[in-house]
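J.: This is what each chain is made of:
There are 2 protein chains.
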Amino acid sequence: MQENVNLKKLMELLESRQFRLLKEKLSEMNEVDIAAFIEELDSERTVVVYRMLSKELASDVFACLPVETQEHIINSITDYELSAIVNDLFVDDAVDMLEELPANVVKRVLKNSTSDTRQLINQFLQYPENSAGSIMTAEYVGLKKAMTVKEAFSYIRRHGVDKETIYTCYVMDAKRTLEGVVTVKDLLMHPYEEMIENIMDTHVIKAITTDDQEEVAERFRKYGLLSLPVVDHEDRLVGIVTVDDVVDVMEQEATEDFEKMAAMIPSERPYLKTGVVTLAKNRLAWLLILMISSMITGGILAKYEAAFAAIPLLVTFIPMLTDTGGNAGSQSSTMIIRGMAVGEIKPSDILRVIWKELQVGLLVGMLLGLVNYLRLVILYPGQELLCLTVVLSLIATVIIAKTIGCILPIAAQIFHMDPAIMAAPLITTIVDAVSLVLYFQLACRLLQLNGG
Amino acid sequence: MQENVNLKKLMELLESRQFRLLKEKLSEMNEVDIAAFIEELDSERTVVVYRMLSKELASDVFACLPVETQEHIINSITDYELSAIVNDLFVDDAVDMLEELPANVVKRVLKNSTSDTRQLINQFLQYPENSAGSIMTAEYVGLKKAMTVKEAFSYIRRHGVDKETIYTCYVMDAKRTLEGVVTVKDLLMHPYEEMIENIMDTHVIKAITTDDQEEVAERFRKYGLLSLPVVDHEDRLVGIVTVDDVVDVMEQEATEDFEKMAAMIPSERPYLKTGVVTLAKNRLAWLLILMISSMITGGILAKYEAAFAAIPLLVTFIPMLTDTGGNAGSQSSTMIIRGMAVGEIKPSDILRVIWKELQVGLLVGMLLGLVNYLRLVILYPGQELLCLTVVLSLIATVIIAKTIGCILPIAAQIFHMDPAIMAAPLITTIVDAVSLVLYFQLACRLLQLNGG
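Chains A and B supply the protein sequences, listed in that same order.
Numbering follows my numbering, with no gaps: position 408 of the first sequence is 441.
Numbering follows my numbering, with no gaps: position 425 of the second sequence is 458.
Hints are not guaranteed to be accurate.
Pairs involving identical chains hold if they fit within one copy or between any two copies, as the list cannot separate such chains.
To be verified - Below 20 Å or equal to it, Euclidean Cα-Cα: the simulated EDC-like pairs (lysine to aspartate or glutamate) are:
1) 255 x 61
2) 196 x 219
3) 255 x 129
4) 218 x 230
5) 255 x 77
6) 314 x 251
7) 239 x 277
8) 208 x 219
9) 88 x 277
10) 255 x 286
11) 140 x 129
12) 56 x 234
13) 255 x 284
14) 58 x 268
The hints are simulated quantities; they were obtained by calculation from the structure and are not laboratory data.
Computed from a predicted structure; not experimentally measured.
Could you put the whole structure together from the sequences, leaning on the hints where they help?
T.: Written as structure tokens, this is what we have:
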């Protein structure tokens, strides 16, 4: 697209100090692309370029910048300029920024905002993290039942310019209780003299401030919404969530699930911007827990020392058994965790899921067992009992792995834990232990070895 | 929310044959909730309830139903009813349905659509799967430069009711070349006599029919869009993508990545609706490949039979080493694969990434090594060389795992393969082989055993 070409050209204009031309180019650009350009600049030039922006564009671009750059700009501009930005930002963007800025900068920002804005920001800062309240904004169009379509339009014309969306308007009574919604499409499809009361939809899909942002995202997806009203526990409208923020939430939630499912504590920031120590810290806890668990597996193995001292060949099948078991189990747990995350699988489906996984496990296990059997009878002719031990262990491992892999995430959900913990790493460790005990027990029985 | 309560009540009304009341209730409901209700019904009642819906609601609900139910309804209604539905559906919904229906049903559907609709559907059916063309729809508002705001509004009032979105309007010349966009917000904020030409934005963010749907989703996320125009290679407007479809694409793409990263072929349909044989097929291919790879690892191990025959204790550390290596490697590969999927990490970042992972690997490896060392000197006093073998192998394994884990996904991207293949399962198998060779080589050297 055009933005990549532009970046280079803009940089040239800046370096050759053709400021007037640069300013003109910037005024035609999208705020997202301007922010991407500013991110490439050193700290001095950041402020130079930022000051070239018109007042309206300045706060739009500001909202798109990473918090370090926002902090740098705040520290480089006058109180007057700061006040203009802060009062122009949408409350959700202001709150996102303030949550990450150091205390002294927060103080200066709040000092330079109007008392209305300050009050609103303080209220919004108090909603719990990842709640509907924490991602909503306060800039919406509120109408009254008794207005006509014509009055609604002239109200939107007067007040709509600062609103995050004008396309869905919210109808409230004097106590701000939400009575209905009306879209601009509805307004456009009805005559000017029609009353809002007659065209508004009273079956409002809404969220409560304390609802989890994942539920909010799910509701957007299910109903194909553009915005969603958020009410307090007395059903009074306090804000709206818009679809652009939900798109970010969805991406963020998926990333968190990927990280959790690979045994990491989810990181707050993108990979390239996270320091080595933080990355190490996020990864260490689970590695440690899993390492200690696999030491226990090692301890179990020690019980069978006599067995693999007698037949060292037994050891060479360990990677195949544990890897296959781990993979088979992770496949199931991944499908179930994801199915629950998108709302397809519910804890009440547990019996259906187990039955399905048992059948899949049997089918897959038998086929893998067959391949193994063919290989083993060719490689180790005459050692039928050894072949049988390996093949039976493999089939049992696959079936057990699939069953564990589907039960644990659902069980976690039932006990209000995060199912994403029950993913590949933990499943692999558990299946390792189970499959090795099974394997050596079988070996001891079938090959009549000591141990177990 | 209210929908769960309603389902039960509706079922009661249906069972007690209070059809008039049921019809009234349905008329007040959201199409998504009605579809959820119909999905719960047997095939006979499906048609009974469906026929209760008003004509406008009927096609909205129809678009929300799964394809089996759509097929059942199509087979149960008259040509006249069918024709009304088909011509009322948005092209993208019609195309989604037709792609999954059996040929004879497709024929009947096309026979009952107007020739305009038929032509449009045939054109849309030809766009490649997962392209911008395959997710776009044809129902948008097209304006002309020479219109005034007032004319634009009256055009929208006349033609807007059937459009998927009216909030972004597209300005085209006589050849349908896209000249600009204007939002209803822009229209509302300008006086009635202003010309569209003067208020339209000519820097249009757009997609080409052949662009991948992932790129399209990325553009929506980056710019916070509500809709995106899709043009052909001659820059003529052919359709638009709306944000509700993009939300589905994002969820679908994330699910596919989860499945691929757990060594499965992505499934076309949700888990509970996928048959056992299909599930087994999707999982078998990779399990087989990985099983054969881990047989090779086993083969390598066989070379060191003498070593673990001499010191069987060596075997008990295998699970700890391979599990920790696998986990450490999957952590890195997961972060990199996800980072590339959301566009944060690019192949050109490869050196930065490797340097970061090397440091993280060293830090994490040293700490895990320390914990292990303390445990080993307590459990096996006097066996310093054994302790050293295990600890050094562990540290080296973690560092190597992190390096492999970050290089392989980026390499896959560079060679235009899917990075998601280079996830936990494959990384674990590779790291297993490397760490075991390392471990036994070290053991043979340090403990002066035969083999290697």
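J.: Run every hint past the structure and note whether it holds.
T.: To see whether the hints hold, each was checked on the structure:
{"no.": "1", "hint": "255 x 61", "result": "between (36 Å within a copy, 18 Å between copies)"}
{"no.": "2", "hint": "196 x 219", "result": "both (19 Å within a copy, 13 Å between copies)"}
{"no.": "3", "hint": "255 x 129", "result": "between (26 Å within a copy, 17 Å between copies)"}
{"no.": "4", "hint": "218 x 230", "result": "within (15 Å within a copy, 23 Å between copies)"}
{"no.": "5", "hint": "255 x 77", "result": "neither (47 Å within a copy, 26 Å between copies)"}
{"no.": "6", "hint": "314 x 251", "result": "neither (31 Å within a copy, 30 Å between copies)"}
{"no.": "7", "hint": "239 x 277", "result": "both (17 Å within a copy, 17 Å between copies)"}
{"no.": "8", "hint": "208 x 219", "result": "neither (25 Å within a copy, 31 Å between copies)"}
{"no.": "9", "hint": "88 x 277", "result": "neither (23 Å within a copy, 32 Å between copies)"}
{"no.": "10", "hint": "255 x 286", "result": "both (17 Å within a copy, 17 Å between copies)"}
{"no.": "11", "hint": "140 x 129", "result": "within (15 Å within a copy, 53 Å between copies)"}
{"no.": "12", "hint": "56 x 234", "result": "between (46 Å within a copy, 18 Å between copies)"}
{"no.": "13", "hint": "255 x 284", "result": "both (16 Å within a copy, 12 Å between copies)"}
{"no.": "14", "hint": "58 x 268", "result": "neither (47 Å within a copy, 23 Å between copies)"}
Comparing the model with each earlier hint shows violations of hints 5, 6, 8, 9 and 14; every other hint is respected.
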